[in-house]
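Student: Protein chains in written order, with the working numbering: chain W, 1059 to 1386; chain L, 1059 to 1386.
Just so you know, not all the hints are guaranteed correct.
Pairs involving identical chains hold if they fit within one copy or between any two copies, as the list cannot separate such chains.
Claimed, not checked - In the DSSO-like style, the derived pairs of lysine-lysine whose C-alpha atoms are separated by at most 30 Å in a straight line are: (1) K1080 <-> K1332; (2) K1249 <-> K1332; (3) K1161 <-> K1185; (4) K1112 <-> K1332; (5) K1185 <-> K1249; (6) K1161 <-> K1332; (7) K1060 <-> K1332; (8) K1112 <-> K1080; (9) K1332 <-> K1353; (10) K1177 <-> K1080; (11) K1185 <-> K1080; (12) K1129 <-> K1353.
For the record, the hints were derived by calculation from the structure and aren't laboratory data. Quick caveat, the model's predicted, so the values are computed rather than measured.
There are 2 protein chains.
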Amino acid sequence: MKVALIGLGSVGRGVAEMIARKGLGITITGLADSTSGVIDPAGINIPGVLANKKTQGYCGDRNISAEDIIKTGDYDTLIEVTPTNALSGEPALGYIKAALLRKKHVVTSNKGPIALAYKELRALARKNGVALRYEATVAGAIPVMHTIENGLAGNEILALYGVLNGTCNFILTRMAAEGLTYEQALMEARKMGYAEADPTYDVQGIDAAIKLVILANTIWGNGAKLSDVDRTGIDLLTPDALRLADEEGCTIRLIAEANPHRHLLRVSPRILDKNHPLVFDGTLNALTLETDMAKEITLIGKGAGSIETASAIIGDLLYIRDHHVKRP
Amino acid sequence: MKVALIGLGSVGRGVAEMIARKGLGITITGLADSTSGVIDPAGINIPGVLANKKTQGYCGDRNISAEDIIKTGDYDTLIEVTPTNALSGEPALGYIKAALLRKKHVVTSNKGPIALAYKELRALARKNGVALRYEATVAGAIPVMHTIENGLAGNEILALYGVLNGTCNFILTRMAAEGLTYEQALMEARKMGYAEADPTYDVQGIDAAIKLVILANTIWGNGAKLSDVDRTGIDLLTPDALRLADEEGCTIRLIAEANPHRHLLRVSPRILDKNHPLVFDGTLNALTLETDMAKEITLIGKGAGSIETASAIIGDLLYIRDHHVKRP
């Protein structure tokens, strides 16, 4: 199986390293970061490219672009792991469309294109007879899409509830445990590398809402958009609110929830009993699926991280390898 | 997709009802309980058969046996859901072999044959080019096998820990919550329908050990046998032990665990922090998989129940339908 890898940040590096280390019958024939590219039909020397990236800041030839690789390269599957742009989805959206039009399978960790253009991309993939997989877009290493697609096949999914943003969960954990203010806990999250310099996307619930939209479209195909999500962040929560919850044996978590029968699509701080399955400390993510036959199934795991996200990408690649790519 | 359904207890009824209700492109052409059978190449009238079973105690023609259906029936996939016999695996083991030899796919909820003869059955299925699936044997509705096979594909599974017996979890929950003795909690479990008249298999950890053996063979192909499991039940636990754990913010749960690097294959009562992901009340099951890339993934859900187990069977059927059975 030949792949083109576009994006060489934390996720891209993890994917490249795991493919190089594990020898899964996957050959990287094209690779690009934002300013350069490498092409080798015989298989790119990954350790060499990663060393170049580290020393010179870019990975290959400045005259080779991501577009060159996507539009002319020899590959079965595009791995698209550039940074998320939640407003336009670009440049990832264009990359994904170009690959699908060439009848290439696509695996992406990029929330922008999937949240913005799910219906169009799904139709384009079907029309061209290829797979579009995006396990890594929601809840990091937790195989939520595989569970929806195969593990719970035949079930009607009635509703879902999840902790889909590890940064918020960390901040709320620290506010509850130490009586910190929101600002103090955010500073701690920054120091630990859990929060970005601009934490808006995380703390205002935008990141969780984007993931909720992706889940809702995948499960119910209902054309949900980010603007449909009733959204409240955690940035106005006070230590007092957490203390009051604590006095009742409860705590507060940022919960993303969807229930099409109740027309519910919401991200907001919720008071939960401390024994609730969605209450856990730190940066983990979790998702509960409420179904007609299996009843409630909860999945808990790492929501971020280079190798953890690579796990989701590689699960998608192997699914395509085993179920879609014809082997000799 | 044509199926033969052997076994019409709680699980078999659930499967038949769900197939009849959901119309998943699955037709039941043969059906047997322990003393009678029904054959209809055009598709059996399920509500009629279930009504017969209820009124007369058997489902069909006393002159038609499970063997007749398995060996001469027209079907793609055998659904084998007869009661577990952990000593010989029979009659299920013979049923499954006969179907595989006829190049029929097999889906089973029967722990006996899989725990006793995994290697042989797996080889027989491969040789005949058919699928052998057994999602329902471990942790009821939780799609653990799908997660191992697809969701975490590419990961090395390093170890696992689980709550694989809901009866024990219920008894321990009640002992901790109310200070009940083991005998009192067992009586309550019986009244609720969570414990059998003879609770030996559950409370001595045999049921959990069988599931552990199935998981170990599936993941590591290491030929683990029931006699390899270091096993301690919950029947000698005292309310005092639970009280002492409680004083340290802990509780006791029956944990099944495997770690091939440490040669560990054990079912035993363990003291766990109350915040541990494997600590929850009631009859739920859970499994934590420790992997190299995804790190720890925990799955929680219903470990038993007619429709819940049917969910696992139907997930397997649809996987076979979509990935193995050629459609016109």
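Student: Each hint should be assessed against the structure and marked as holding or not.
Tutor: Status of each hint after checking the structure:
{"no.": "1", "hint": "K1080 <-> K1332", "result": "neither (40 Å within a copy, 37 Å between copies)"}
{"no.": "2", "hint": "K1249 <-> K1332", "result": "both (27 Å within a copy, 29 Å between copies)"}
{"no.": "3", "hint": "K1161 <-> K1185", "result": "within (9 Å within a copy, 34 Å between copies)"}
{"no.": "4", "hint": "K1112 <-> K1332", "result": "neither (44 Å within a copy, 44 Å between copies)"}
{"no.": "5", "hint": "K1185 <-> K1249", "result": "neither (47 Å within a copy, 56 Å between copies)"}
{"no.": "6", "hint": "K1161 <-> K1332", "result": "neither (49 Å within a copy, 51 Å between copies)"}
{"no.": "7", "hint": "K1060 <-> K1332", "result": "neither (47 Å within a copy, 47 Å between copies)"}
{"no.": "8", "hint": "K1112 <-> K1080", "result": "within (22 Å within a copy, 55 Å between copies)"}
{"no.": "9", "hint": "K1332 <-> K1353", "result": "both (21 Å within a copy, 24 Å between copies)"}
{"no.": "10", "hint": "K1177 <-> K1080", "result": "between (34 Å within a copy, 26 Å between copies)"}
{"no.": "11", "hint": "K1185 <-> K1080", "result": "between (33 Å within a copy, 28 Å between copies)"}
{"no.": "12", "hint": "K1129 <-> K1353", "result": "neither (45 Å within a copy, 35 Å between copies)"}
Hint compliance for this structure: hints 1, 4, 5, 6, 7, 12 are broken, all remaining hints hold.
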